[in-house]
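K.L.:
Sequence:
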Amino acid sequence: MSLVELIAQADERGLAASGLACLDRCVPLLGADDEVLRPLWGCLADDGDTGEWGGRLEQVRGKLAGPEEYAESLEDEAAVLARRMLAAAPVEWDAGVVRVWADGCSVAALQIHRLLDPLDDEGASVDARREGRTEGISPLVAAELRRQVTVLEVLAGHGAGGLRRAMEVSTEGRRVLRAVVSRRARRGWSRSSPRP
1 MSLVELIAQA DERGLAASGL ACLDRCVPLL GADDEVLRPL WGCLADDGDT
51 GEWGGRLEQV RGKLAGPEEY AESLEDEAAV LARRMLAAAP VEWDAGVVRV
101 WADGCSVAAL QIHRLLDPLD DEGASVDARR EGRTEGISPL VAAELRRQVT
151 VLEVLAGHGA GGLRRAMEVS TEGRRVLRAV VSRRARRGWS RSSPRP
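Read in order, the letters of the sequence shown are residues 1 to 196 in the working numbering.
Hints listed in this document are in silico derivations from the structure and should not be mistaken for laboratory results.
Errors might be hidden in some of the hints.
[Unchecked claim] Label pairs and their in silico Cβ distance ranges: (1) ARG183 / ASP46: 15 to 21 Å; (2) ALA95 / ASP120: 23 to 29 Å; (3) ASP11 / LEU119: 23 to 29 Å.
[Unchecked claim] Calculated lysine to aspartate or glutamate pairs in the EDC-like style (CA-CA distance at most 20 Å, straight line): (4) LYS63 / ASP46; (5) LYS63 / GLU35; (6) LYS63 / GLU52; (7) LYS63 / ASP34; (8) LYS63 / ASP33.
These figures come from a predicted structure and were not determined experimentally.
Note that the Cβ used here is the ideal one computed from N, Cα and C, for glycine as well.
Please build the complete structure, drawing on both the sequences and the hints.
P.N.:
This is the structure in structure tokens:
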């Protein structure tokens, strides 16, 4: 199934985990440590309390409070998208609202990886990638697309039991993005710099 189809069929836990995983992989853009979202992951576990989601979300937002949305470089633009993911996270668990958030996080995470990929993602839109059209897809975007699909498939097949694997996938993606951001910072790339 395509990513769009997987999101359409996911339950609340799968949707929340999918959105959270997208945000988790983008934490390097927010200047936060790798464990900042762990309290939210805990709400999704079998013995977690989804009723604590809203309170924990507000705590995380307080820790990740950042500057006004001003994008001077590709990294800034990517960080703005990541902050919007966090800002849009629903405080209350409602299937419709969580689905909209998860879908938005999917688009934003793919767009972030597209912005930061040193190789062009040829032609097709992010929506086309999510629908399964992957011709000419760039490596960083392809890897993020695979991670999003894997998280949704694992949770659809194993429920809360798949949460550990979902977190492992996100950890891997976070390391990759952190390396990309670090490499770009060393090279001093900006919006005005030519892409290789």
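K.L.:
Next step is simple, just say for each hint if it's right about the structure.
P.N.:
Structure-based check of each hint:
no., hint, result
1, ARG183 / ASP46: 15 to 21 Å, "violated (38 Å)"
2, ALA95 / ASP120: 23 to 29 Å, "violated (37 Å)"
3, ASP11 / LEU119: 23 to 29 Å, "violated (36 Å)"
4, LYS63 / ASP46, "violated (26 Å)"
5, LYS63 / GLU35, "holds (12 Å)"
6, LYS63 / GLU52, "holds (17 Å)"
7, LYS63 / ASP34, "holds (13 Å)"
8, LYS63 / ASP33, "holds (10 Å)"
The structure is inconsistent with the numbered hints 1, 2, 3, 4, although it conforms to all the rest.
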